[in-house]
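Participant: These are the residues of each chain, in order.
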Amino acid sequence: MAAYRSRSARAKGFSLSGPSTPLPELVRGLWDARDLLALLSRKEFFVRYRRASFGVLWAVVLPLLQAIVLAVVVNRFVRFDTGGNFTLFVFAGTLAWSFFSQTISGGTTSIVDNADMSAKIYVPRALFPLVVVGAGLYGLLISTLILIAFVIGAGELEPVRLLLIVPAIAVLVVLSTAAALLLSALHVYFRDMKYLVAAALLPWFYLTPVFYPLDRIGSLHGVVEANPVTGAVELLRAATIGADHGWAVALWWTAGWTVALFALAAVVHRRHDRNMSDLL
Amino acid sequence: MTETPVIDVCAVGKRYVKYEDTPTLVGHALRLRSRSRRSALWALRDANLRVERGECIGVIGRNGSGKSTLLRLLAGVTAPTEGTVTVCGQVAPLIAVGVGFHPELTGRENVYVSGSILGLTRRQVDERFDEIIDFAEIEGFIDTPVKFYSSGMYVRLGFAVSVLADPDVLLVDEVLAVGDLAFQMKCFDRMQAVREAGTTIVVVSHNLNAIRRLCDRSAVLHAGEVRFDGDTGEAIARFHELLGETRELDGDTGRDVFRSTGAARLSRFALVAAHDGDAQSTVPTGTLVRFEADLECILDMAAPYLALHVFHESGVLVYGETVPVDGGMRAGEHRHVEVDLPAALAGGSYSAELLLVGLDATLHAAPPSPILFYVAGRDGVRGVTDLHASFRLRPR
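Listed in order, the protein sequences are those of chains A and B.
For the first sequence, our numbering puts the final residue at 287, and the numbers step up evenly by one.
For the second sequence, our numbering puts the final residue at 431, and the numbers step up evenly by one.
Pulled out of the complex, with its shape left as it was, chain B reads as follows:
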C-alpha cells in the first residue's frame, strides 16, 4: 500500500495581477479596469510536486522563479489559480521567523501567542516552554519586551517556537542566513532530529551548501516552472546550466558600466573547458578551465592591468590575480583574452569576474555580468579549495 503524500501539488498555477493594475475604489466603480491579459503574471504554472512523510526537499531557483509563491501556497496563505494544493497536517512556516511577535509583549507572552498561532494549546506550550527558552538561549530575557531584543535573540526565539511546535510540515525560507555559526549548527541538528521524528521539511535557500547538506532531493524552479525534481547534486548542476542560459538571454545588463572609465570594453566573457573549448557551467574539480573574453580598447591606456577574481558563493574571494598588460594599449586595438585556471576547488558555486584596471585601481572595463559556475567536488572534501591532501595510515 502506498502512503498518501504529505504534500501534493497537482498541476498548480498561480496568477497575480500586477500591482499597478489592482482596482481602486473609483476605478472599480467606473469599470475603468485596464486589467487586460497583459497585466496578469503567472508566478507558477503547471507545477507538480509530491513529498512524502519525513522527506526533506530543497527548492532552488533564481529570484522571481516562483519559490516564494510555492511556499505561500504550501503555507495555505493563498489559493492556487488552477490545480490543487493538498497538505496533510499542521504547517509551521519558518518563513521569516518571529511571525506574529508583538514588540510590546515579553518573550514569554510572545511564545504563547506564537504557539497558539501554530496550533498549540496553552498546555502544550507549557510543556515545552523550558525547552523553547533553552533552545533560544534567552534565559535572562524571557520577561523583557521583545522590542528590546537583539535581532539574533528575536530570530532564535522565533526559530525555537516553530521547530518545537512539532509541525507535520516545516517550511524553511532562508532561515539559515541568520544567527551566528554556532546557532546555525544547532538549527541544522534540530532540523535533522525533527525530520527523523517524521516531520516533512521544505527548504528554500540560495545557500546551495545548506540545501546539499539538508536535502537528498531538490526541485529546480525556473520562470514559474518546475524544471527538475530529483537528486540534489543533479539539481544544483541543472540550476547552474539554467543560470548560464538566462544570462545569454538577458544580454548586456550594463553592470559596472557606470563606474568604469569607459576606456575599454570587455565582451563575450565565457567559461570553457580548456581541452576542447566547449562552454560549460559545471566543472569537474581538478580540471583545467579557461576564461575567455574579447577586449576592445577605446582610449589609449599607458599601464593597464588584467585582473581575475574567483569568489565562493559565501562571498569569500578564493583567488585573485592581477597582471600588467605589457606595452599598454592603443585606442582601436582588439585583443582576445584567455586565462587558464586549474579548478582546484571544492564542490559548490563560484563566480568569476575579469576586469581591466588602471594603476590606481580605476576600473577601465568589466564584462556585463560575472560568470557563475558550479564545481562538482569530490566526496568528503569541504571548504572552498580542494588541495588534494593525501592520507596515510601506516602500521607502527
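Bound conformation, chain A alone:
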C-alpha cells in the first residue's frame, strides 16, 4: 500500500460553515476536476452511440439531414435572397441552433439527473452542465467539419472569412455554457424549469434566423435581434457565406446576454452549490 502514498493533484480536504461557497473556491474545484470533466464528457458522447450499428456516424448524418430537409421545405414556400447557397445558409443556422438547444435542454436537467452521484460525493455541481457542454462539443466538432467541407464543395471558400469560424464557435459555446449553468441550478429548485425550457425552445427556434435572413423578419426584427442566439448564428454565417445586414447589433446583444447569464449563474451556484443535494 505504501507505494500508493503519492496522492493526486486534486485539492484535498475542506472546511464548511454556512451555506455559500466562495466563488474562487468553486472555480478552483472545477479546475481541479478538469480531468474528470474531460473523461465524463467523452464517455457521455460515446455511450450515446454505443449500441447503434452505425455508431458515431449518426452524429454526422443527423445534423446534415436536418439542414437539408429544412432547406428543401422552406425553399418550396419562400425564396429568400441569401446571396449564396441556401442549403449552406440553413446549415450554418441549424448547426448553431442544434448545439444551443441540445445544450440547454440537456444542461437544465443535468444536476438533477446526476442526483445519485451528487448525494454521495462532492464535486462542484456546475460540473454536470459542463459535462453536457463537453459531450456536445464532439458533435459540434463533427458538424463544423462537415460545414467546412460543404463550404469548400459549394465553391464558397474564402480562407480569411472562414477563419471567423473560430470566434463563431467560441461565442456559441460560451453562450450555451452560461445558459446551461444557470438553468441547471434553477431546475434543482424549480422543477418546472425543464418544461419551461421545452416550451420556450419551439417559439425560440422561429425567432432565431435559422432559415431566414435577419433583415427579412419585419416587425419582429427587434425581438430577433435581441435574441442571444442570433449573434452566434450570424457570426457563424459570416464565416461561411457572409452575414446578413445588421448582424453586428445582434452580436452585441449576445455578448450582453452571455455576461448577464454568467453573472446570474455565478450568484446561484455560489449561494446554493453545497446545498443542492438537500433537494435532490
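Since the hints were made in silico from the structure, they are not lab data.
Computed from a predicted model, the values in this text were never measured in an experiment.
Positions of the beta carbon are idealized from the N, C-alpha and C atoms, including for glycine.
A hint or two may mislead.
DSS-like cross-link-like pairs, simulated, lysine-lysine; straight-line CA separation at most 30 Å [stated by the list, open to error]: (1) A/Lys201 - B/Lys182; (2) B/Lys221 - B/Lys182; (3) A/Lys50 - A/Lys201; (4) A/Lys201 - B/Lys221.
Label-pair ranges, simulated between beta-carbon atoms [said to hold, decoys possible]: (5) B/Phe183 - A/Val173: 38 to 46 Å; (6) B/Ala379 - A/Asp42: 54 to 62 Å; (7) B/Glu356 - A/Lys201: 16 to 24 Å; (8) B/Phe183 - A/Asp42: 53 to 61 Å; (9) B/Glu231 - A/Asp42: 24 to 32 Å; (10) B/Glu166 - A/Leu164: 50 to 58 Å; (11) B/Thr179 - A/Arg35: 55 to 63 Å; (12) A/Arg57 - B/Asp395: 37 to 45 Å; (13) A/Leu148 - B/Thr156: 19 to 27 Å; (14) A/Val63 - B/Leu352: 54 to 62 Å; (15) A/Gly253 - B/Thr179: 53 to 61 Å; (16) B/Glu231 - A/Gly25: 31 to 39 Å.
From the derived model, a few chain A residues whose C-beta atoms are all more than 10 Å from chain B [stated by the list, open to error]: (17) Ser24; (18) Thr28; (19) Pro31; (20) Phe269.
Fit chain B to the given chain A structure using the hints.
Facilitator: Okay, now just chain B, sitting in the frame of chain A:
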C-alpha cells in the same frame, strides 16, 4: 505537540425544510411560502466530534437519528446550517458503493471514471488497476458493461475502487450488509490494512457486531444529538438504553394488531432482572432474566398457547418455546405472565417477543413491539449462545 484531527465537527447543526414545503416556481413568485418554523427539521444539532488520523469510529443510532446527515456532511455533499465541519484530506465514500457507475460502460471504463471521481489521476488508476480487478474478483468480466453484472459483482467492484483509491478518510455506510461471507471477511481485512496505513474510517451500521469488530470508539446519535462518544462496548449499551426509552415514549404502535384475531390483549411487556424485578436493557450474560406482561382476555379461547421467541440481531431465531395455557381462558379474565429465562447468550443485540396463539397458529395477541436488549458477553465468546465450554490443557 498535538496533531490536528482529520475530522473536526464543531457545534454543527443541519436543518432541513420538509419536502412538501420546498418552494415551487409559482409559490416562490407569489411568495406563497408557507415555510413557517414548524416545517423546519433539525436533523443534527450541536454535534461535536473529533477524529484523529488512523482512528476507526463507529456511528450508531436508530433510523432518523442523524447518522446519514452526519455522513453527508463529512462527505462534503452538503453544508452545515450552523457550526463548522473540517475534513483534512481526500474523502472516499463507501456510501452505496458503485457511485457514478454508468450502466453502459464496461467495468474497466467505470474503474477509470470512479477513480477520477475519487481524485485519482489516470496514471494512479493504471498503477492499481490489476489490484482492483483482482480484489473485486471479476477478471472475466472487466470488458462487459456493468449493467450485465450481478449485484454482487457491482458492489465488489465499487468497494475495490473506493478502498484502493487510498483515501485519507473512508466513509462506510452499511456496506458490510452486501456480498457473500467470504467477501465480507476480505473487506474487513482490507479495512484493517487501510487503517493501519493511516486512513481514518467512519463506519455507520446497524450491524453492531461489525461495529464492535472494527471500531474501538463509537458515537451514539439520538434525535439529532451526539448522546455518547467513547468506548464501543459502552456505546452499544447506551444505545440499547435509548431504544428502551423511546419505545416507552412511542407507546402503542399497533404492530400486529391488524393480523391478530383480537381475542386477547398483551400489554406492558417488559424485561426485568429476575432477582430484583428492575427493568433493564443490558443483560450480563448468564444471569436470569424475566419477561413479564399483562394478558387480558376479550373472547373465550378454548386452547390458547403462550409463545416466547428470542431473535439474534442477525435475524436468527435463537430460542423459541410454545406452551399451552391449561384450561383455556374466559372472556374478561386478566392474567399476569412471567417467563424466566437464563440468558445463556453471547454478547450482542437480541429481541424477544411474546405471543398468544391458537391451535392452528392463529395469532390472538402480541405486545405493541418486541423488546430489544443487549447482552454484555464474556470476552472470547462468539456466536449467538454462550454454552460455557470448559477448556483444559493437561500435560501428557
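Participant: Does each hint hold? Answer for all of them.
Facilitator: Results of checking the hints against the structure:
1. A/Lys201 - B/Lys182: holds, 28 Å
2. B/Lys221 - B/Lys182: Roughly 24 Å separates the two Cα atoms, so the pair holds.
3. A/Lys50 - A/Lys201: Answer holds: A/Lys50 to A/Lys201 is near 24 Å, not above 30 Å.
4. A/Lys201 - B/Lys221: Cα-Cα ~45 Å, so violated.
5. B/Phe183 - A/Val173: 38 to 46 Å: For B/Phe183 and A/Val173 the Cβ distance comes to about 43 Å; the hint holds.
6. B/Ala379 - A/Asp42: 54 to 62 Å: holds, 58 Å
7. B/Glu356 - A/Lys201: 16 to 24 Å: violated, 60 Å
8. B/Phe183 - A/Asp42: 53 to 61 Å: violated, 28 Å
9. B/Glu231 - A/Asp42: 24 to 32 Å: holds, 30 Å
10. B/Glu166 - A/Leu164: 50 to 58 Å: holds, 55 Å
11. B/Thr179 - A/Arg35: 55 to 63 Å: Between B/Thr179 and A/Arg35, where Cβ atoms are some 37 Å apart, the hint is violated.
12. A/Arg57 - B/Asp395: 37 to 45 Å: violated, 58 Å
13. A/Leu148 - B/Thr156: 19 to 27 Å: holds, 25 Å
14. A/Val63 - B/Leu352: 54 to 62 Å: Since the Cβ atoms of A/Val63 and B/Leu352 sit about 58 Å apart, the hinted range of 54 to 62 Å holds.
15. A/Gly253 - B/Thr179: 53 to 61 Å: holds, 57 Å
16. B/Glu231 - A/Gly25: 31 to 39 Å: With Cβ atoms ~36 Å apart, the hint holds.
17. Ser24: Contrary to the label, A/Ser24 does not stay out of reach of chain B, its closest Cβ about 4 Å off (not over 10 Å).
18. Thr28: At about 8 Å from chain B, A/Thr28 fails to clear the 10 Å cut-off, so the statement is violated.
19. Pro31: holds, 17 Å
20. Phe269: holds, 22 Å
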